[in-house]
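Asks: Sequence:
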Amino acid sequence: MLEIQRRGLTEGVAVLLDEGAATYWELEHLRLLWGATRGELIETLHNLDTQAAHDYEDEL
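The sequence shown lines up with residues 1 to 60 when you count with the working numbering.
If you are wondering where the hints come from, they were derived from the structure by calculation, not from laboratory data. No experiment lies behind these values; they were computed from the predicted model shown. Heads up, none of these hints are tricks.
Label-pair restraints from in silico Cβ distances: (1) Ile4 to Asp58: 27 to 35 Å; (2) Glu26 to Thr50: 15 to 23 Å; (3) Glu3 to Asp58: 25 to 33 Å; (4) Gly20 to Asn47: 12 to 20 Å.
Built from N, CA and C at the ideal position, the CB exists for glycine as well.
Assemble the whole structure, with the sequences as input and the hints as a guide.
Replies: And the structure:
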């Protein structure tokens, strides 16, 4: 994943978390939009919000 993709994904996830709207499908949409793997998304979530990361992993 390129750095610009990682930053875009991180910013998008942070916005969803701030709005309290980080549903599984919204996170999947961002993951696909930025070309991230599930592992990269999970890593980003762990860096921003551990509980959101666990919730996403539980949906898999």
